[in-house]
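S.K.: Residues per chain are reported as follows:
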Amino acid sequence: GDSVTQTEGQVALSEEDFLTIHCNYSASGYPTLFWYVQYPGEGPQLLFRASRDKEKGSSRGFEATYDKGTTSFHLRKASVQESDSAVYYCALSDPGGNNKLTFGQGTVLSVIP
Amino acid sequence: GALVYQYPRRTICKSGTSMRMECQAVGFQATSVAWYRQSPQKTFELIALSTVNSAIKYEQNFTQEKFPISHPNLSFSSMTVLNAYLEDRGLYLCGARLGLSAETLYFGSGTRLTVL
Numbered sequence: 003g004d005s006v007t008q009t010e011g012q013v014a015l016s017e018e019d020f021l022t023i024h025c026n027y028s029a030s031g032y033p034t035l036f037w038y039v040q041y042p043g044e045g046p047q048l049l050f051r052a053s054r055d056k057e058k059g060s061s062r063g064f065e066a067t068y069d070k071g072t073t074s075f076h077l078r079k080a081s082v083q084e085s086d087s088a089v090y091y092c093a094l095s096d097p098g099g100n101n102k103l104t105f106g107q108g109t110v111l112s113v114i115p
Numbered sequence: 046g047a048l049v050y051q052y053p054r055r056t057i058c059k060s061g062t063s064m065r066m067e068c069q070a071v072g073f074q075a076t077s078v079a080w081y082r083q084s085p086q087k088t089f090e091l092i093a094l095s096t097v098n099s100a101i102k103y104e105q106n107f108t109q110e111k112f113p114i115s116h117p118n119l120s121f122s123s124m125t126v127l128n129a130y131l132e133d134r135g136l137y138l139c140g141a142r143l144g145l146s147a148e149t150l151y152f153g154s155g156t157r158l159t160v161l
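Same order as they appear, the protein sequences are chains A and B. The opening position of the first sequence corresponds to residue 3 in my numbering, with each subsequent residue numbered one higher. The opening position of the second sequence corresponds to residue 46 in my numbering, with each subsequent residue numbered one higher.
Only chain B is shown next, with the shape it has when bound in the complex (with noise of 0.2 Å):
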């Protein structure tokens, strides 16, 4: 089955500083990344959506800027956290789908940022 990595599990970073997550795909061509965070209250927020071949397209209050993404083969995709505050503790998400009209989203374990 559709199988997506994430690291780290969990990450812990002094406010200002900026960390790296990674998502990966196994088994299966990850055509379309979409990264989410997933606040302390439960709700999600979609960051941005990476397709192949297409701009990355980011979501209102969200900036490449303070979330760059990479998207450099259909296996893998990366975000970084840049200048990172409290605000932008949370469980991080990366959901991938097998195609270009695929609509379901195979979702990893999550990166849990913490910031101090």
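So here's chain A without its partners, still in its complex pose (with noise of 0.2 Å):
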């Protein structure tokens, strides 16, 4: 079935530090990924998507690209700020399978001021 992997399951940063996110996938179709991130007592908000290869999305300084050859939507950021301190999750949707949402581990950002 499909699946998504989130390398790291923590990041610990200084504010202005460069982030990423390593997020690979692994699907039958032609997913659209995602990147959601959660706030403490929240559910995930929507960062931004991207449905074919090569696509950019990007949101609130967050930025991946749909990478089809190496199957992977890695999360980047220049300059992380202590606001963006959350958990961010990596998903696909596949067309074939009924767009069902498949998310990946997470991964805790901890951005120290």
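Take these hints with a grain of salt, some might be off.
Computed list of lysine to any residue pairs in SDA-like fashion (alpha-carbon distance at most 25 Å, straight line) [what the hints assert, rightly or not]:
(1) Lys102/B x Pro97/A
(2) Lys58/A x Lys102/A
(3) Lys79/A x Arg62/A
(4) Lys87/B x Cys58/B
(5) Lys70/A x Gly43/A
(6) Lys87/B x Ser87/A
(7) Lys102/A x Asp133/B
(8) Lys102/A x Phe107/B
(9) Lys111/B x Thr159/B
(10) Lys102/A x Ser123/B
(11) Lys102/A x Tyr50/B
(12) Lys102/B x Arg62/A
(13) Lys87/B x Thr9/A
(14) Lys102/A x Val71/B
(15) Lys111/B x Ala147/B
(16) Lys102/B x Ser30/A
(17) Lys56/A x Gly31/A
(18) Lys87/B x Gln83/A
(19) Lys111/B x Ile101/B
(20) Lys70/A x Ala29/A
(21) Lys102/A x Thr62/B
(22) Lys102/B x Leu48/A
(23) Lys102/A x Leu48/B
(24) Lys102/A x Cys58/B
(25) Lys79/A x Asn26/A
(26) Lys58/A x Ala147/B
(27) Lys102/B x Thr9/A
(28) Lys58/A x Thr7/A
(29) Lys56/A x Lys102/B
(30) Lys87/B x Ser28/A
(31) Lys102/A x Ala147/B
(32) Lys87/B x Gly43/A
(33) Lys102/A x Thr9/A
(34) Lys102/A x Lys111/B
(35) Lys102/A x Ile101/B
Hints were generated in silico from the structure; no laboratory data involved.
Dock chain to chain to rebuild the complex, using the hints, since each chain is given by itself in its own frame.
M.R.: This is the structure:
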């Protein structure tokens, strides 16, 4: 079945550091890829999505590029802020799989001021 | 923008009892609603997918007998956890889609279930 793997379980950075969270996927079809962010006490919020190879999604300074060749959708931000501290989830939706949304394990980002 | 409200935000029930949670879409028509459970370890499990004019599709390990879902109109869905036990605790999330072909799920804040 479909799966999403996030390499980092936890990331601790200082403000203005560069962020990378790695996401690799496995799907039988041509999935749409998502990044969601979850703050304490809230449900996951959509950060952005990408549907085609080489498409870049971006929001609030975060970005990721759909790479079908390496089956990756790595999240990056050039300069993190304390307010970016949250849990980040990579996810995919496979149109051939009834649009079921499959999540990665999540990455806890802690940004120290 | 798309808003999804869930209530109650938190609930506590005794082991063996049942509790109902609700999901309301505001400002859009939720043609498709997905119910997830987020475990204390933060992983997501899809419970079931409810699409208007279609039968509710439950995932493996989840049954209608344990998690009956109602989706009577395009703005409302409810799910009940019957005969809850410790392993049912977690954050229950409702995600709604804006259209039949839409892929993005918009989530509510969830209902946190504690079982004593």
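S.K.: Hint by hint, note whether the structure agrees.
M.R.: Results for each hint:
Between lysine 102/B and proline 97/A the CA atoms are separated by roughly 16 Å; this keeps the pair inside 25 Å, and the hint holds. Restraint check: the Cα-Cα separation between lysine 58/A and lysine 102/A comes to about 22 Å, which is no more than 25 Å; the hinted pair holds. Distance hint between lysine 79/A and arginine 62/A is fulfilled; the C-alpha atoms sit about 9 Å from each other, no more than 25 Å. At most 25 Å may separate the alpha-carbon atoms for a hinted pair to count; lysine 87/B and cysteine 58/B meet this at roughly 21 Å.
Taking the CA atoms of lysine 70/A and glycine 43/A, the gap is about 34 Å. The hint is violated against a cut of 25 Å. Under the criterion of a C-alpha separation no larger than 25 Å, the hint pairing lysine 87/B with serine 87/A is consistent with the structure, at around 16 Å. A threshold of 25 Å between alpha carbons decides the hint, and for lysine 102/A with aspartate 133/B the separation of about 22 Å falls inside it, so the pair holds. A threshold of 25 Å between alpha carbons decides the hint, and for lysine 102/A with phenylalanine 107/B the separation of about 15 Å falls inside it, so the pair holds.
Restraint check: the Cα-Cα separation between lysine 111/B and threonine 159/B comes to about 17 Å, which is no more than 25 Å; the hinted pair holds. Using a Cα cut-off of 25 Å, the hinted pair lysine 102/A and serine 123/B holds, with the two alpha carbons roughly 19 Å apart. A threshold of 25 Å between alpha carbons decides the hint, and for lysine 102/A with tyrosine 50/B the separation of about 21 Å falls inside it, so the pair holds. With a CA separation close to 35 Å, the supplied pair lysine 102/B and arginine 62/A exceeds the 25 Å bound.
Using a Cα cut-off of 25 Å, the hinted pair lysine 87/B and threonine 9/A holds, with the two alpha carbons roughly 15 Å apart. Simply put, lysine 102/A and valine 71/B have alpha-carbon atoms about 22 Å apart, close enough for the 25 Å limit, and the pair holds. At roughly 28 Å between alpha-carbon atoms, lysine 111/B and alanine 147/B are farther apart than 25 Å, so this suggested pair is violated. Only pairs whose Cα atoms come within 25 Å are accepted, and lysine 102/B paired with serine 30/A is accepted, the gap being roughly 20 Å.
With a C-alpha separation of about 16 Å, the suggested pairing of lysine 56/A with glycine 31/A holds against the 25 Å cut-off. With a C-alpha separation of about 23 Å, the suggested pair lysine 87/B and glutamine 83/A falls inside the 25 Å cut-off, and the hint holds. At roughly 14 Å between alpha-carbon atoms, lysine 111/B and isoleucine 101/B fall within 25 Å of each other, so this suggested pair holds. Between lysine 70/A and alanine 29/A the CA atoms are separated by roughly 11 Å; this keeps the pair inside 25 Å, and the hint holds.
Distance hint between lysine 102/A and threonine 62/B is unfulfilled; the C-alpha atoms sit about 30 Å from each other, more than 25 Å. For the hint pairing lysine 102/B with leucine 48/A, the CA-to-CA distance comes to about 24 Å; that is within 25 Å, so the pair holds. Our distance criterion of 25 Å between C-alpha atoms is met by lysine 102/A and leucine 48/B, whose separation comes to about 20 Å. Restraint check for lysine 102/A and cysteine 58/B: the C-alpha separation of about 30 Å exceeds 25 Å, so the hint is violated.
Restraint check for lysine 79/A and asparagine 26/A: satisfied, since their Cα atoms lie roughly 18 Å apart, inside the 25 Å limit. This hinted pair checks out: lysine 58/A and alanine 147/B have alpha carbons roughly 19 Å apart, not beyond 25 Å. Annotation: proposed proximity of lysine 102/B to threonine 9/A is violated, straight-line Cα distance about 31 Å (limit 25 Å). Our distance criterion of 25 Å between C-alpha atoms is met by lysine 58/A and threonine 7/A, whose separation comes to about 19 Å.
With a C-alpha separation of about 33 Å, the suggested pairing of lysine 56/A with lysine 102/B is violated against the 25 Å cut-off. For the proposed pair lysine 87/B and serine 28/A, the alpha carbon gap of about 21 Å is at most 25 Å, so the pair holds. At most 25 Å may separate the alpha-carbon atoms for a hinted pair to count; lysine 102/A and alanine 147/B meet this at roughly 11 Å. Taken as a hint, the lysine 87/B and glycine 43/A pair is honoured in the structure, with Cα atoms around 12 Å apart against an allowance of 25 Å.
Using a Cα cut-off of 25 Å, the hinted pair lysine 102/A and threonine 9/A holds, with the two alpha carbons roughly 22 Å apart. Taken as a hint, the lysine 102/A and lysine 111/B pair is honoured in the structure, with Cα atoms around 21 Å apart against an allowance of 25 Å. Distance check on the hinted pair: lysine 102/A and isoleucine 101/B sit about 13 Å apart at the alpha-carbon level, within 25 Å; holds.
The structure fails to meet hints 5, 12, 15, 21, 24, 27, 29 from the earlier list, while all remaining hints are met.
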